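*Asks:* Here are the chains, one letter per residue:
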Amino acid sequence: MSIVIDATPAIKVEGVTQTFGAPGNALRVVALENASLEVARGELVCLIGPSGCGKSTLLNLMGGLALPASGKIWIDGEPVTGPLPRKVAYVFQENALFPWRSVLDNIKLGMAFQGVPQAERELRARESLEAVGLTDFAKHHPGQLSGGMKQRAQLARALALRTEILLMDEPFAALDEQTRMVLGEDLSVLLARSKKTIVFVTHSLVEAVFLADRVAVFTARPGRIKQIIPVEEQHPRKRRFMTSTKLSQLRNELYELLHDEIRKTIDIPATGPGSPADDAFAANDGGKA
Amino acid sequence: MNGSRIAQRIVQLGFLVTVALAWQITATRGGVSPLLLPPPAAVYREFLSLLRTGTFWPDLKITLYEMTVAFSIAAVAGSFIGYLVSRSRYAIRVLDPLFAGIFAVPAILLYPLYVLFFGLGPGSKIAMGATIAFFPVVLNTISALSRVDSVYVAAAQSMGATSTQLFWSVMFPAAFPVVLAGLRMGLILAFLSILGSETIASFSGLGHQIAGLAENMDTARMFAYIVLVMLIALLLNFAVSSVEARGKNEGGLSVASSAIGLSATRIRAKMLLRPAVVRLGLVGAALLIWEAGARTFGDPLFVSPPSRVIVAMLHLSREKDVTAAVILTCWELIAAFALSLIIGLTVGLIVGMHRFTRASIYPIILLLYGMPLVTVLPLFVIIFGIGAASKIAFGVSHGVFPIVMSVVAGVQNIKPILLTSARSMGASRRQILASVVFPHMLPSLFTGMRLGMSAVLLGVLLAELYVSQSGVGYLTSMFTQTFQPQKLFALVAVLAAIAVTLNELCRLSERRLSRWRA
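Those protein sequences? They're chains A and B, same order as listed. Residue numbers for the first sequence follow my numbering, so the first one is 3 and each next one is one higher. Residue numbers for the second sequence follow my numbering, so the first one is 4 and each next one is one higher.
Hints are supplied without guarantee of correctness; some may be wrong.
[Claimed, not checked] Which bits of chain A does chain B cover? Going by a derived footprint, with three or more residues having C-beta under 8 Å, they are:
(1) 89–100
(2) 111–120
[Unchecked claim] FRET-style restraints, in silico, Cβ to Cβ:
(3) B/V154 <-> A/H261: 33 to 39 Å
(4) A/D178 <-> B/A10: 45 to 51 Å
(5) A/H205 <-> B/Q168: 40 to 46 Å
(6) B/A158 <-> A/D269: 30 to 36 Å
(7) A/R242 <-> B/N416: 44 to 50 Å
(8) B/V154 <-> A/R265: 29 to 35 Å
Derived from the structure by calculation, the hints contain no laboratory data. Only a predicted model underlies this, so the values are computations on that prediction, with no experimental measurement involved. No residue lacks a Cβ here, since even glycine has one placed at the ideal position from N, Cα and C.
Can you build the whole structure from these sequences, using the hints too?
*Replies:* Here you go:
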């Protein structure tokens, strides 16, 4: 394994538990239970697990968008107490581009929020547009882009912020499989070049194995980290790796690990909610189904 | 969740108590004459005696009778014509913008004319109410039926549905919520316009009572009547929305005006030249029929052929007092609109930005919006005098609500992911407001401004019609009283042109600003 363990890991999560709903409330949900994880600098860790297992919750906690009920998280050795826009950038599953701004202006806006000087904004925006191959679409509005392009534009916006850490919450989930695979290849190239630390939530077994240095497998709710599987393969990973037996073997191993957990969420027992979402209120629907 | 709901109720109650307390204190200690603002206790006493003696009953019966007849006519005619129009995409393109345009012109201006035709009795009120209530019904019916998701239609047709089956099992249920929203707005508009016409000129009905009490400075009793009317409006609103809640299967449209605002814009965006030509042709044909009819059958004292109206229009522009009146009205309009915009935007942002204020304050605003403001018109005159101030204030009272509502709607439907994303990139509260909330809200604000504009127009003209020594509204009633219909029509045409122009300007900027929505 090619992970260089620095003195301080990029991200350190220790005994983190997250709950939604007030104590004693019937709808109270333990989304994440006693999770611990270290992500080294330059490493790509994939989080995979059944719906509602707290993967996205953990991602939001890492970036400081929410604070844990108990446990601690450090970024660069500093405890997280709120959003860290200068250290952590996000790519969301949902299209989070501002529809009234062109792609270029969307990318510039993030930098404007952080007070980057005007001239530099333009430069950095052009650079990251080129990195994702969207130079020709700078003046387009998000409504005029395909799903894959939108996600690339979101990635460009995150890259332009030049953060050390990139948190990606199922960024390619809404795309078709072929597009997703190609974007995965691009991401691997990008990673090899930029040496960013990336935490990547996904539902796709193949995507997880293809991208990750390590895959963290979650249990069904309440989500715990069941096992961490290393994938020893140099970045940038190519198409050949996608079709290799090594990848399929790892994929099968992941499926074995996940199978029982997924079953738990589908065959809903009389007591536990098995909602498809990571938030507490969607548990209503799970109960009814 | 329960805790916050209780907190919302507390805020709502607190708001009402504060208003009542402030009222009581200004009335008793603020040095305001009880003639202008009677204390709540006195109003309460009058209200009780009103209920005990039942003197309001004959007036209430007349008003309700007028409303029922007017609404029935509007509902039947509106939904039937709306259905016919919706059967052809071409007819929609021709007629929908036409209806929307006419709807933007304050029909209350024609009220003096209705009095000429139908007399001072219930007839003129019914006709007025039916005219005004017709448009929301027809517009929403067209919009609802023409925008039924084509997937449903295709699914039904693939299963072999006949056109009758298609209508009753697919089109009708799918369109129902929006049609119902139009009916609700129609009912409320019928009620409002009937109260309005009773206030302006009548010898019976609740509006007439209130105006009469205001003239006699019997304010406590007037307030008691106002409370009564408000209660009726509340009941009406409640009754219709409970029907609506039952019929709502996919969330429908809670704000009726939004459907109206959208229907025309959507279809207009794709408007071709030809429908526009046909539409102009229709208007021309109507003018020709009018001309021919007026020349052969009409009494020139009542109806004036268009040719004479045009001549009168040319003459009017040379009459000093007419140009002065138009300028005065325009000035009142601008002042009232600017104030509405400032107040509406501020209140809308404050209320809309937070879930808590939205849940607690917004229902109060919606409630106020459903109130027949016309009944308070005499009060405005008592407080602000019969000059421009009362017209502006009354215009603002009309214009604020659509703007607040559209701002709240615009702020409310921002995708949460956009806010989260801005926050994750380190945007401050002010940056989020300026770069995310505001641009997102802008198109919706323009819809609100357009609706607010016609509301302001209505408010100002109502106030001018009711009591005034100048302004366009005053002139229209004067021309009617002195039997100069060609001048009346000319003036109405000028005002209609102003209304349509303002409306179109708003619509154009609205479309420009919402291009990204495509």
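*Asks:* Please write out, lowest number first, the hints stated earlier that are contradicted by the structure.
*Replies:* none
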